[in-house]
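Engineer: With these hints in hand, go ahead and build the complete structure from the sequences.
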Amino acid sequence: MDVITGNILRNMLLYAGAILNQEKDRVNSLNVFPVPDGDTGTNMSLTLNAALKEVEKVESTEVNRITAALARGSLMGARGNSGVILSQFFRGFADGLSEVVEAATGRDLARAFEKASQTTYRAVMKPVEGTMLTVGREAATAALATAEENESAAVVLKAAFDAASQAVLDSPKFLPVLKEAGVVDAGGQGLLCIFEGLLRGMDGEPAEYISEPVEAAPEPARQEGITRINGVLVNKYCTEFLVLGQSLDPDHIRDTLEEHGESMLVVGDERVVKVHIHTDHPGKVLEFCGSLGDLSDIKIDNMQLQNEAYTDAHNHDFFGNVVEFPKQSNGERKDIGVVAVVPGKGLAEIFMSLGADSVVLGGQTMNPSTEDLLKAVESVNADAVIILPNNKNVIFSANQVRELCEKPVGVVATRSVPQGITALMYFEPEASLEENLEAMDEHKREVKTGEITYAVRATVAGDLQIDEKDIIGLTDGKIAVVGQSVADVAHRLIEAMVDEDSSVISLYYGEDQAAEEAAQLHQELSEKYPHCEVEVHSGGQPLYYYIISVE
Amino acid sequence: MARIHVVTDSGSDLPQEVRDQLGIHVVPLSIQFGDDIYRDGVDLSVSDFYARLEGDIMPSTCQPSPADFEQKYLEVAEPGDTVISVHMSSRLSGTYQSAVIASNMVAEEGIKVVTVDTKSASIGIGLVAVVAAQGVRAGLSLEEILERVNYAVSEMHVFFVVDTLEYLRRNGRIGNAQALLGTLLNIKPILTLQDGVVSPLEKARGKGKALKRIHELVGQVRAKYPNKDLAVGLTHAMAPAEAQSLAEAFERDLELKDSVITGLIGPTIGVHVGKGTLAVLLHPKY
Chain A
1 MDVITGNILR NMLLYAGAIL NQEKDRVNSL NVFPVPDGDT GTNMSLTLNA ALKEVEKVES
61 TEVNRITAAL ARGSLMGARG NSGVILSQFF RGFADGLSEV VEAATGRDLA RAFEKASQTT
121 YRAVMKPVEG TMLTVGREAA TAALATAEEN ESAAVVLKAA FDAASQAVLD SPKFLPVLKE
181 AGVVDAGGQG LLCIFEGLLR GMDGEPAEYI SEPVEAAPEP ARQEGITRIN GVLVNKYCTE
241 FLVLGQSLDP DHIRDTLEEH GESMLVVGDE RVVKVHIHTD HPGKVLEFCG SLGDLSDIKI
301 DNMQLQNEAY TDAHNHDFFG NVVEFPKQSN GERKDIGVVA VVPGKGLAEI FMSLGADSVV
361 LGGQTMNPST EDLLKAVESV NADAVIILPN NKNVIFSANQ VRELCEKPVG VVATRSVPQG
421 ITALMYFEPE ASLEENLEAM DEHKREVKTG EITYAVRATV AGDLQIDEKD IIGLTDGKIA
481 VVGQSVADVA HRLIEAMVDE DSSVISLYYG EDQAAEEAAQ LHQELSEKYP HCEVEVHSGG
541 QPLYYYIISV E
Chain B
1001 MARIHVVTDS GSDLPQEVRD QLGIHVVPLS IQFGDDIYRD GVDLSVSDFY ARLEGDIMPS
1061 TCQPSPADFE QKYLEVAEPG DTVISVHMSS RLSGTYQSAV IASNMVAEEG IKVVTVDTKS
1121 ASIGIGLVAV VAAQGVRAGL SLEEILERVN YAVSEMHVFF VVDTLEYLRR NGRIGNAQAL
1181 LGTLLNIKPI LTLQDGVVSP LEKARGKGKA LKRIHELVGQ VRAKYPNKDL AVGLTHAMAP
1241 AEAQSLAEAF ERDLELKDSV ITGLIGPTIG VHVGKGTLAV LLHPKY
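Residue numbers (this note's numbering), protein chains in the order written: chain A, 1 to 551; chain B, 1001 to 1286.
No lab work stands behind these hints, which were simulated from the structure alone. Some clues are possibly wrong.
Unchecked claim - Think about it this way: if two alpha-carbon atoms lie no more than 27 angstroms apart in a straight line, the pair counts; the simulated DSS-like pairs of lysine-lysine are: (1) K1257/B to K1224/B; (2) K528/A to K1212/B; (3) K528/A to K1275/B; (4) K115/A to K53/A; (5) K1285/B to K1228/B; (6) K528/A to K1207/B; (7) K173/A to K115/A; (8) K115/A to K57/A; (9) K299/A to K284/A.
Stated by the list, open to error - Going by beta-carbon spacing under 8 angstroms, a handful of chain B positions derived as facing chain A: (10) T1183; (11) L1184; (12) L1185; (13) N1186; (14) K1203; (15) R1205; (16) G1208; (17) K1209.
From the three backbone atoms N, C-alpha and C, an ideal C-beta is built for every residue, glycine too.
Structural biologist: Below is the structure:
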């Protein structure tokens, strides 16, 4: 294929959208954290889908009309930082092809990629190598070099794709966090999916554009750009809008707005600028930009209120942070109170029913800060407080509370929810703090903990070869069982945990686990282990299908 | 020659053969299912009782009247005799109160009644009655017998586990275990009697663990009295297999001279604790 006509380009873009949509979960899983909570793939896919909706509206087969629609649609629909950067990529791509009407040559394509890459670098205040910026640049460089020797658009695109692949593989060399986590950069992988789609769409069959609605992930998922003082958000208004004008200067807008907030992104050209900023003064921001041109698509959200509503509905914080669960016992003053850290609503109810005075939502991937714990401890109406961290990553912050809090605070170093429940069973309101700590600590290991989640990427653990999406069962923090179905892994994990001394098996199922399946498993286990009592409760924790205790 | 007799109430859960062997007399409490009134152990068997307990009508107990006690005292004692009347915790039942009133009534007949508030229930009452009856058989004086009786009362250890706190709650006998209500998990509370009132001691996940823990707690009592023999009573509400394995474990581990007295929790106590309850009561011998 020597040139790319408008019709071919349209098909290439639709292919890119289909592939990104198909791969978005895999891109999401490329998280530096070993658990599934990423959203980069979803955000990029949503952005591209929005752009393709504009592309589909274009009846003309002129290349520059199609790319203009792509650029405008992606700018309008950009979600998350990765989506905004992608929109800039398309903006530059469109610029590079702005004079091309009938068909793009290999040289045109290479120039468009170069422009696209340059635009992404300009959009980001501090470019970081090893990200999608690098992937785009490497692709453009290879495309330009190839175009010098070969005019074929297909050959140029293939060279760009190959270079993008290599750049993605190389991304851990630039970013140590990726290397440690054994993953490649998610945004880079997303961009590679787009290159792959362009390549396959070029000579492939007409793409079936998969425009099924994508569930919007909470954005932004990272703590970056979010500041809290005493738990209250600073710069709480997420403000987004477009400025439409004739001779806009994105750099000038960026410099002026910088002092008004954080997590700022200002991208665009002289005709359209998209502004995203977290600010406490949305009025000032709008006032200034309104003086430069027409404002459009204005969206202002109060993140504090959104966060509260989101936390209520989802068990975890809008930003991946942990907030204090609003539930609290309202009893009279006690000698000793108990604060428990729990990863789900059902577990919060269980801990409260067992006598905890306050629960803080948190756990794997959402560790509460020392400040969150301190607030919970201070809110308990008691002379002394015992903290049950219930996760090994929370023990450290819990211990810090001991030094920060004026009242006596004790920490029972419970490393799992089952350990916390067992420790709480030995809490004796009449006994002293020291006696309680001793008894709770002594008994917390009487229980075995099992957890079932899924692998977000392939890895090897001991003798076990684990593929992505495999269901994995952990006992006391180590991967013990790998399988394809949750029920199968649950059975085998419990087999490994139960012995002749076991008398109680408890399962706490997560927010993604159907209650009917849990009930089914309950029945099977009751029949399989007649010498044990089997209990199943809704735990409501994210990501973990089951938390299991055997005692 | 003046004699000493031992009377108790139907809350003592003593097996028939023990009562017969030691000559212990029992005054029954009444059990009411709606309009139907039965006397415990007289016209209501244990198995019939638990079958009816599963039904819709929630039964209640009624203490013996002073006249019931008066009648029993007059039946067993001659003028000049003494009756040791051993009863359920006065904070759980009015039975002791009725006995006290009756004791004044028969004093005019020349019968001396010494009432004992065991601050206990079930076989805890029974074990105290056994101490009294054994003292009588050994030919001890009233003072010597009462000293042994008071020692058993003050050193009695009580551990029991219920399948559900519901019966204690419905009958208003839940005492300090109130705090354990409403737990979402299958928690088996290990309960005790403190100053004659139900109190929570510990919590366990599941009955198996609770029984294991009771075994440990009893072992701690054993260690507390290294130079003494222990008297152990064990009662259950339709849980014979669990009771038997626990009794065997005690006889194996506790170096007992006498075997464990195992009894059924009769209707008087069963109304308040429900099916599945197991109770272990023990005291060091004087």
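Engineer: A separate judgement is required for each hint: does it hold in the structure or not?
Structural biologist: Structure-based check of all given hints:
Taking the CA atoms of K1257/B and K1224/B, the gap is about 17 angstroms. The hint holds against a cut of 27 angstroms. Straight-line distance between C-alpha atoms of K528/A and K1212/B comes to about 22 angstroms, which keeps the hinted pair within the 27 angstroms bound. Simply put, K528/A and K1275/B have alpha-carbon atoms about 26 angstroms apart, close enough for the 27 angstroms limit, and the pair holds. Of the pairs offered as hints, the one joining K115/A and K53/A holds, with about 23 angstroms between alpha carbons and a cut-off of 27 angstroms not exceeded.
Of the supplied pair hints, the one linking K1285/B and K1228/B holds, its CA atoms being roughly 6 angstroms apart against a limit of 27 angstroms. About 18 angstroms separates the Cα atoms of K528/A and K1207/B, which keeps this hinted pair within 27 angstroms; it holds. Under the criterion of a C-alpha separation no larger than 27 angstroms, the hint pairing K173/A with K115/A is consistent with the structure, at around 25 angstroms. Taking the CA atoms of K115/A and K57/A, the gap is near 25 angstroms; set against the 27 angstroms cutoff, the hint holds.
For the hint pairing K299/A with K284/A, the CA-to-CA distance comes to about 15 angstroms; that is within 27 angstroms, so the pair holds. With its C-beta approaching chain A no nearer than about 5 angstroms, T1183/B sits inside the 8 angstroms limit, and its interface hint holds. Because the beta carbon of L1184/B sits about 4 angstroms from the nearest beta carbon in chain A, less than 8 angstroms, this interface hint is met. The beta carbon of L1185/B comes within 6 angstroms of a beta carbon in chain A, closer than 8 angstroms, and the hint placing it at the interface holds.
With a cut of 8 angstroms, the hint placing N1186/B at the interface with chain A holds, because the nearest CB-to-CB distance is about 5 angstroms. The interface hint given for K1203/B is met, as the beta carbon of that residue sits about 4 angstroms from the closest beta carbon of chain A, less than 8 angstroms. Interface hint at R1205/B: satisfied, since its Cβ lies 4 angstroms from the closest Cβ of chain A, which is below the 8 angstroms cut-off. Annotation: interface hint on G1208/B holds; nearest CB of chain A at approximately 3 angstroms, less than 8 angstroms.
A cut of 8 angstroms between beta carbons decides the hint on K1209/B: the least distance to chain A is about 5 angstroms, and the hint holds.
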